[in-house]
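Those sequence lines, one after another, are chains A and B. Read left to right, the first sequence gives residues 1 to 114 (our numbering). Read left to right, the second sequence gives residues 1 to 109 (our numbering).
Derived from the structure by calculation, the hints contain no laboratory data. Just so you know, these numbers come straight off a predicted model, no measurement behind them. Wrong hints could be hidden among the right ones.
What the hints assert, rightly or not - Simulated pairs of lysine-lysine, DSSO-like, Cα-Cα distance not exceeding 27 Å:
#1 101/B / 11/A
#2 101/B / 56/B
#3 26/B / 70/B
#4 57/A / 56/B
#5 101/B / 69/B
#6 56/B / 26/B
#7 70/B / 96/B
#8 101/B / 26/B
#9 57/A / 26/B
#10 57/A / 15/A
#11 57/A / 17/A
#12 101/B / 57/A
Said to hold, decoys possible - Derived Cβ-Cβ restraints for the label pairs, each shown as a range:
#13 63/A / 14/B: 20 to 28 Å
#14 17/B / 52/A: 21 to 29 Å
#15 75/B / 54/A: 37 to 45 Å
As the list claims (entries may be wrong) - So, partial list: chain A residues that the calculated Cβ filter (under 8 Å) puts toward chain B:
#16 43
#17 45
#18 51
#19 62
#20 65
#21 68
#22 105
#23 106
#24 107
#25 108
#26 112
#27 114
Quick reminder that beta carbons are idealized off the backbone N, C-alpha and C, glycines included.
So the chains spell out like this:
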Amino acid sequence: GAGVSQSPSNKVTEKGKDVELRCDPISGHTALYWYRQSLGQGLEFLIYFQGNSAPDKSGLPSDRFSAERTGGSVSTLTIQRTQQEDSAVYLCASSLGLAFNEQFFGPGTRLTVL
Amino acid sequence: SQQGEEDPQALSIQEGENATMNCSYKTSINNLQWYRQNSGRGLVHLILIRSNEREKHSGRLRVTLDTSKKSSSLLITASRAADTASYFCATGANSKLTFGKGITLSVRP
């Protein structure tokens with residue numbers, strides 16, 4: 001079956017513009033996560049969706065960041081008024097059941113803010 | 001704050017040698033997982049060890065967990081050039097998986 005997919009794979013934008021990043025999780029996975037990874041760094045947790053529960057937004061770095069998950073499947077991460085420090089690889093993962101089960105990662109979206 | 005911290009930060013070995021990577025953490029966990037990342041893209045799950053387990057094997061991988069010392073190690077035996085990648089430990093606790101900063105492993109042919 002298909003794995004986690006993300007689009008676009010690369011996005012170059014100008015400072016101040018809004019961007020939307022998309023994640024298609026594995027079918028049937030109830031949990032979905034967004035992470036950010038800066039060059040040579042570990043993964044920074046951003047947000048976590050589990051079923052119909054309210055998302056855990058504790059990792060979002062500012063109110064310019066938001067995410068939605070429609071119909072318990074596809075998720076969109078939106079960054080408004082992008083800044084250069086937003087440049088990073090944004091990774092999406094999904095898992096079956098509990099948050100600390102094995103996570104399946106997408107290939108990521110490399111965002112460059114000029 | 002980071003839960004898992006890997007050690008060393010970088011490791012360079014010759015093909016055929018064993019690679020040992022360590023991870024330490026601070027709080028109680030449900031499980032500990034190791035992931036591999038190639039080329040700065042998506043991570044691939046390698047192995048999960050639960051808090052009530054002490055050792056687990058998968059192919060050339062051996063993971064140990066010492067909850068009293070809050071530490072884990074990942075051993076890759078008979079390394080290959082294709083094992084060159086970044087390796088991350090991740091601790092599962094409080095409905096969340098927290099990743100360390102990773103270890104860069106280089107296997108020289």
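Need the list of violated hint numbers for this structure, in ascending order. 4, 13, 14, 18, 19, 20, 21, 26 and 27
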